[in-house]
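There are 2 protein chains.
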Amino acid sequence: MKFFELLQVDSKVLMIFIPFVLCGCTKEEEVSTTTTDPLANLEWIDLSYAFDSTTLYWPNNPDGFQHRVDAEGVTDLGYYYSSYTILTPEHGGTHLDAPIHFYENGETVDELPLSKLTGKAVVIDVSEKALADRDYLIDSVAVLAWEQEHGKIPAQTMVLFRTGYGKFYPDRKGYFGTAKTGTEAIPELHFPGIQPETALWLAKSRNVKAVGLDTPSLDYGQSKDFAAHQALMENQIPGFENVANLDQLPATGIYVLALPMKIKGGSGGPLRIIATVLE
Amino acid sequence: MKFFELLQVDSKVLMIFIPFVLCGCTKEEEVSTTTTDPLANLEWIDLSYAFDSTTLYWPNNPDGFQHRVDAEGVTDLGYYYSSYTILTPEHGGTHLDAPIHFYENGETVDELPLSKLTGKAVVIDVSEKALADRDYLIDSVAVLAWEQEHGKIPAQTMVLFRTGYGKFYPDRKGYFGTAKTGTEAIPELHFPGIQPETALWLAKSRNVKAVGLDTPSLDYGQSKDFAAHQALMENQIPGFENVANLDQLPATGIYVLALPMKIKGGSGGPLRIIATVLE
Numbered sequence: 171m172k173f174f175e176l177l178q179v180d181s182k183v184l185m186i187f188i189p190f191v192l193c194g195c196t197k198e199e200e201v202s203t204t205t206t207d208p209l210a211n212l213e214w215i216d217l218s219y220a221f222d223s224t225t226l227y228w229p230n231n232p233d234g235f236q237h238r239v240d241a242e243g244v245t246d247l248g249y250y251y252s253s254y255t256i257l258t259p260e261h262g263g264t265h266l267d268a269p270i271h272f273y274e275n276g277e278t279v280d281e282l283p284l285s286k287l288t289g290k291a292v293v294i295d296v297s298e299k300a301l302a303d304r305d306y307l308i309d310s311v312a313v314l315a316w317e318q319e320h321g322k323i324p325a326q327t328m329v330l331f332r333t334g335y336g337k338f339y340p341d342r343k344g345y346f347g348t349a350k351t352g353t354e355a356i357p358e359l360h361f362p363g364i365q366p367e368t369a370l371w372l373a374k375s376r377n378v379k380a381v382g383l384d385t386p387s388l389d390y391g392q393s394k395d396f397a398a399h400q401a402l403m404e405n406q407i408p409g410f411e412n413v414a415n416l417d418q419l420p421a422t423g424i425y426v427l428a429l430p431m432k433i434k435g436g437s438g439g440p441l442r443i444i445a446t447v448l449e
Numbered sequence: 171m172k173f174f175e176l177l178q179v180d181s182k183v184l185m186i187f188i189p190f191v192l193c194g195c196t197k198e199e200e201v202s203t204t205t206t207d208p209l210a211n212l213e214w215i216d217l218s219y220a221f222d223s224t225t226l227y228w229p230n231n232p233d234g235f236q237h238r239v240d241a242e243g244v245t246d247l248g249y250y251y252s253s254y255t256i257l258t259p260e261h262g263g264t265h266l267d268a269p270i271h272f273y274e275n276g277e278t279v280d281e282l283p284l285s286k287l288t289g290k291a292v293v294i295d296v297s298e299k300a301l302a303d304r305d306y307l308i309d310s311v312a313v314l315a316w317e318q319e320h321g322k323i324p325a326q327t328m329v330l331f332r333t334g335y336g337k338f339y340p341d342r343k344g345y346f347g348t349a350k351t352g353t354e355a356i357p358e359l360h361f362p363g364i365q366p367e368t369a370l371w372l373a374k375s376r377n378v379k380a381v382g383l384d385t386p387s388l389d390y391g392q393s394k395d396f397a398a399h400q401a402l403m404e405n406q407i408p409g410f411e412n413v414a415n416l417d418q419l420p421a422t423g424i425y426v427l428a429l430p431m432k433i434k435g436g437s438g439g440p441l442r443i444i445a446t447v448l449e
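Chains A and B, in that order, give the protein sequences.
Adding 170 to a residue's 1-based position in the first sequence gives its number in my numbering.
Adding 170 to a residue's 1-based position in the second sequence gives its number in my numbering.
Treat the hints with caution; some may be incorrect.
No copy labels: a pair is met if it fits in one copy or bridges any two.
As the list claims (entries may be wrong) - Dumping the calculated DSS-like pairs for lysine-lysine here, alpha-carbon to alpha-carbon at most 27 Å:
no., residue 1, residue 2
1, K350, K290
2, K337, K434
3, K374, K337
4, K286, K350
5, K343, K434
6, K394, K290
7, K434, K350
8, K434, K322
9, K299, K286
10, K322, K394
11, K322, K350
12, K290, K343
13, K343, K322
14, K350, K374
15, K299, K434
16, K343, K286
17, K343, K374
18, K337, K350
Worth flagging that the hints you see were computed from the coordinates, not collected in a lab.
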């Protein structure tokens, strides 16, 4: 098994450098003719909820997710055929916030380069405090405590906060703090989010690539001005909301692919986000 | 640069096996304390078209892609905010066909495991014949000719056919063979596709994981019964249609991630498909 893994290493690199580094040899030796393939045996974890009638949208959203049947059954020619049309607000379920969602000069979802949507990630578990206080704000103290244990967050890392609220999804009352819908529900939203100053600090002092979490919003439920969104998006940093299964990831050694539907001019959109554990 | 690449190799593997393989050493030496990360410097190529008013759907589709403005501008509180709602048939633009699209017992798009949506891929270029004949059917002769040059397609490979028709997208006449829309356009569709017998042979004799191409359909424009779809989907093999940028990929040594929007019970859906070149 380990020998097989070895064969996946770039053979040119092995050929030229390994002998020198490890043994001081200078002769170039060919190790393997097997195709380079560091990815062959990766196992991916899905961090995305499916879209259906239970998908959670902001309480005052009138539409929700709609799945219209266009065809479903055996055709006149004798074969089965099914096809549907979907309608969804960009922001609901597991989705991406593009910078233009809160910043006029921000990138739209289709403009985000793949380099901003792929890369190393860390998971910062704040669930103990977040589950104890529905209005908890993730602050730099929590991030610095994490760094004490795991080291400074490297530049261009995706930061995923685990509040533990994913366990409530898709129960509206547990997840949002109120089962009400409509505009009158907004003042009753209680779920944790990122302190705006900390969002700015993550952008400026940690140069993060993206920020995601297992709540409906980067900002906490009681936010009026969505200042954490503003701080991130003015720095062209996308957000991932309603991220699933964060309890399945370790704190470090994660590679994430966050691929939103490529909506021209979109302020965000349905996101398929997956991860693999590297170590 | 090459030394830097070396540092990304799994240090445990290097430590234990490289000395033995290359130099006959038995002593375990530590090469690097750098985190394992075979993925760090991967460059991803986007094989997805953006969704907008020019997105191509089947000629008789009445809806097309709709992007409704819900909010766009400076709010009363002084910050910018934009948000939209989308409507799209599942099958249009760059999208996935789930097996249930043509097979009643087939997997729905949300049921497809990530192992079926990620993995090694090959590109079979049939553009010379396809561009010369709008009704060209990709047959096993074409696949076997490719295998003569590149070797037998390994089991569980994703096969991407490059017909060259991507160069017409989103020009309806060039891509579909007719600029007409509505039911009356259907008999006038002329674009290449996969011969049904070859689709079945790919499923049974090559055990392919998925099949994609740069046309509107796995079946050619003149198909009445979509028999290539049926052959693949009865074998639980998903399809990718309207795949972009296949001219940017080599024939082999490709890793593909094909992440559709996770629509519960969906017969397919918008697909973000990306690739990296391994060798």
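Status of the hints after comparison with the structure:
1. K350 x K290: neither (38 Å within a copy, 47 Å between copies)
2. K337 x K434: Only across copies: K337 and K434 sit 19 Å apart there, 33 Å inside one copy, limit 27 Å.
3. K374 x K337: neither (31 Å within a copy, 42 Å between copies)
4. K286 x K350: So K286 and K350 fail the 27 Å test inside a copy (36 Å) and across (39 Å) alike.
5. K343 x K434: Between copies, since 22 Å is at most 27 Å while 34 Å is not.
6. K394 x K290: Neither way: K394 and K290 sit 32 Å apart in one copy and 47 Å across, limit 27 Å.
7. K434 x K350: between (33 Å within a copy, 25 Å between copies)
8. K434 x K322: Intra 36 Å, inter 39 Å, cutoff 27 Å: neither.
9. K299 x K286: Neither. Shortest intra-copy (30 Å) and inter-copy (38 Å) distances fail the 27 Å Cα cut-off.
10. K322 x K394: neither (31 Å within a copy, 60 Å between copies)
11. K322 x K350: neither (41 Å within a copy, 59 Å between copies)
12. K290 x K343: Classified as neither: same-chain Cα gap 33 Å, cross-chain 43 Å, threshold 27 Å.
13. K343 x K322: This pair counts as neither: shortest intra-copy Cα distance 36 Å, inter-copy 55 Å.
14. K350 x K374: neither (37 Å within a copy, 53 Å between copies)
15. K299 x K434: neither (39 Å within a copy, 33 Å between copies)
16. K343 x K286: So K343 and K286 fail the 27 Å test inside a copy (33 Å) and across (35 Å) alike.
17. K343 x K374: neither (35 Å within a copy, 49 Å between copies)
18. K337 x K350: For K337 and K350, the Cα distance is within 27 Å only inside one copy (19 Å; across copies 50 Å).
Going down the numbered hints, you'll see the structure goes against 1, 3, 4, 6, 8, 9, 10, 11, 12, 13, 14, 15, 16 and 17, while the others check out.
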